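Construct the complete structure from the given sequences, taking the supplied hints into account.
Residue numbers (this note's numbering), protein chains in the order written: chain A, 8 to 86; chain B, 8 to 86; chain C, 2 to 145; chain D, 2 to 145.
Since the hints were derived computationally from the structure, they do not count as laboratory data.
Bear in mind the structure is a predicted one, so any value in this text is a computation, not a measurement.
Yeah, the Cβ is synthetic: ideal placement off N, Cα and C, and Gly gets one too.
All the given hints hold, so there is nothing to weed out.
Distance condition first, Cα-Cα at most 27 Å in a straight line; then the derived DSSO-like pairs of lysine-lysine:
| # | chain 1 | residue 1 | chain 2 | residue 2 |
| --- | --- | --- | --- | --- |
| 1 | D | 109 | C | 65 |
| 2 | D | 124 | D | 69 |
| 3 | D | 109 | C | 123 |
| 4 | D | 123 | D | 69 |
| 5 | C | 124 | C | 65 |
| 6 | C | 69 | C | 124 |
| 7 | D | 109 | C | 124 |
| 8 | D | 65 | B | 10 |
| 9 | D | 65 | C | 109 |
| 10 | D | 124 | B | 10 |
| 11 | D | 109 | D | 123 |
| 12 | A | 10 | C | 124 |
| 13 | C | 124 | C | 109 |
| 14 | D | 124 | D | 65 |
| 15 | C | 69 | C | 123 |
| 16 | A | 10 | C | 65 |
| 17 | C | 123 | C | 65 |
| 18 | D | 124 | C | 109 |
| 19 | D | 123 | C | 109 |
| 20 | C | 69 | C | 109 |
| 21 | D | 109 | C | 69 |
| 22 | D | 69 | D | 109 |
| 23 | C | 109 | D | 109 |
| 24 | D | 65 | D | 123 |
| 25 | C | 109 | C | 123 |
| 26 | D | 109 | D | 124 |
| 27 | C | 109 | D | 69 |
Pairwise CB distance ranges, derived in the manner of DEER restraints:
| # | chain 1 | residue 1 | chain 2 | residue 2 | range |
| --- | --- | --- | --- | --- | --- |
| 28 | D | 145 | C | 91 | 50 to 60 Å |
| 29 | A | 35 | D | 47 | 50 to 60 Å |
| 30 | B | 72 | D | 25 | 39 to 49 Å |
| 31 | D | 25 | C | 91 | 15 to 25 Å |
| 32 | A | 61 | D | 6 | 54 to 64 Å |
| 33 | C | 135 | B | 55 | 52 to 62 Å |
| 34 | D | 47 | C | 4 | 28 to 38 Å |
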Amino acid sequence: MMKIQCFGVARDIAGGPYLTLDQLEGRSVAELRQALLRTYPAFGELVSFAIARNEEYASDEERIEAGDQLVIIPPVAGG
Amino acid sequence: MMKIQCFGVARDIAGGPYLTLDQLEGRSVAELRQALLRTYPAFGELVSFAIARNEEYASDEERIEAGDQLVIIPPVAGG
Amino acid sequence: MADPNDHIDVQLSATALSLQVCRDFVVHPSCGGLCFFEGTIRDLNLGATVTHLEFEAYAPMAVKEMTKIAVAARNDFGLHAVALHHRTGDLAIGETAVIIAVSSVHRKPAFEGCEFIIDELKKTVPIWKREYRADGSHWLNAHP
Amino acid sequence: MADPNDHIDVQLSATALSLQVCRDFVVHPSCGGLCFFEGTIRDLNLGATVTHLEFEAYAPMAVKEMTKIAVAARNDFGLHAVALHHRTGDLAIGETAVIIAVSSVHRKPAFEGCEFIIDELKKTVPIWKREYRADGSHWLNAHP
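In structure tokens:
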């Protein structure tokens, strides 16, 4: 089980600042995105969302490792 | 005799904050410019110079009237 | 440049931002042009009256992304220095959400670099804005 | 607009300019974007070391021309307010010669309007700059 941190609208969708998913280690970020959409279909209603891995935007091909800091980044709105 | 006010490099050329020219009333601004260049050839060495009449840039065709405030405007350098 | 973050001041702050502090960081005798952008909270958005805004940030990554943008602006536009300060928390109408200050020898790169920074910030920095109106609230930009 | 100079603050000043004063003039709850330009005295010009500068203005016409530019910027770029302050007299290296502050609903016109004002000011406002170096002085822009 890995904890994934949620901000902004992602926190509303998850119902809290973290959600958890099973069996992520070794899978790709694309697979994480698919798992999220299956478990929380409301993510599919967003304009888009990105995944941050260890404080950097993660590409779809990256593999998730044990201990990674994973964060869902819904559309940003700074400034 | 009309007094013409001089700023910046025009003051250096005129040797003071004012110069005077005769018989300007009724003449055009273009004629004023020619008279200036005859009397003070150093104005011909400037990048350019404009004439202000009553606190506005004057076109070459405007006629000078008694009581006009005339000012030589060498190349500006604000900011 | 020895330190890649030389002349870069990035801050994420829970308290009021200061234009003067940002200005004093970037001013330098070699620079003739300073350009600043300040983003403030508007009372109207898409025709609706806004009561206040809440800014939430994924702080460590927001600082990293803001620093990347500031360094890119300094290097790509040949700026001398960049200050980039962003607020978090609840902001009232008229309060300041972001201040950008840049300095350069001439003015053109200062304008271009400053505008680049605010444009990029709005695309990549993990900060979110919840808009509160009399009839409820919502996260901006989230839904189509 | 009833008064054609509404929300316009033009000043020609023999004493130090204030970014905060200009900022406070333009800020408004309807505006989300403030852009500022500050022009400061550089220690080097065309490779030569400058000791200080003297600014001379044909004051009544300079104020008229600065006002024309500020009003044109407000009207053409849809700005809310414009402050345009310019120094006269002797200025040391690092001192501020000009400050421009503009506010608008969105940021793009703020950047464009602010840059328009400094570009136009350098073309039309009757202000002259004498540059002092260790070996003498000359009026800038005067000769080819």
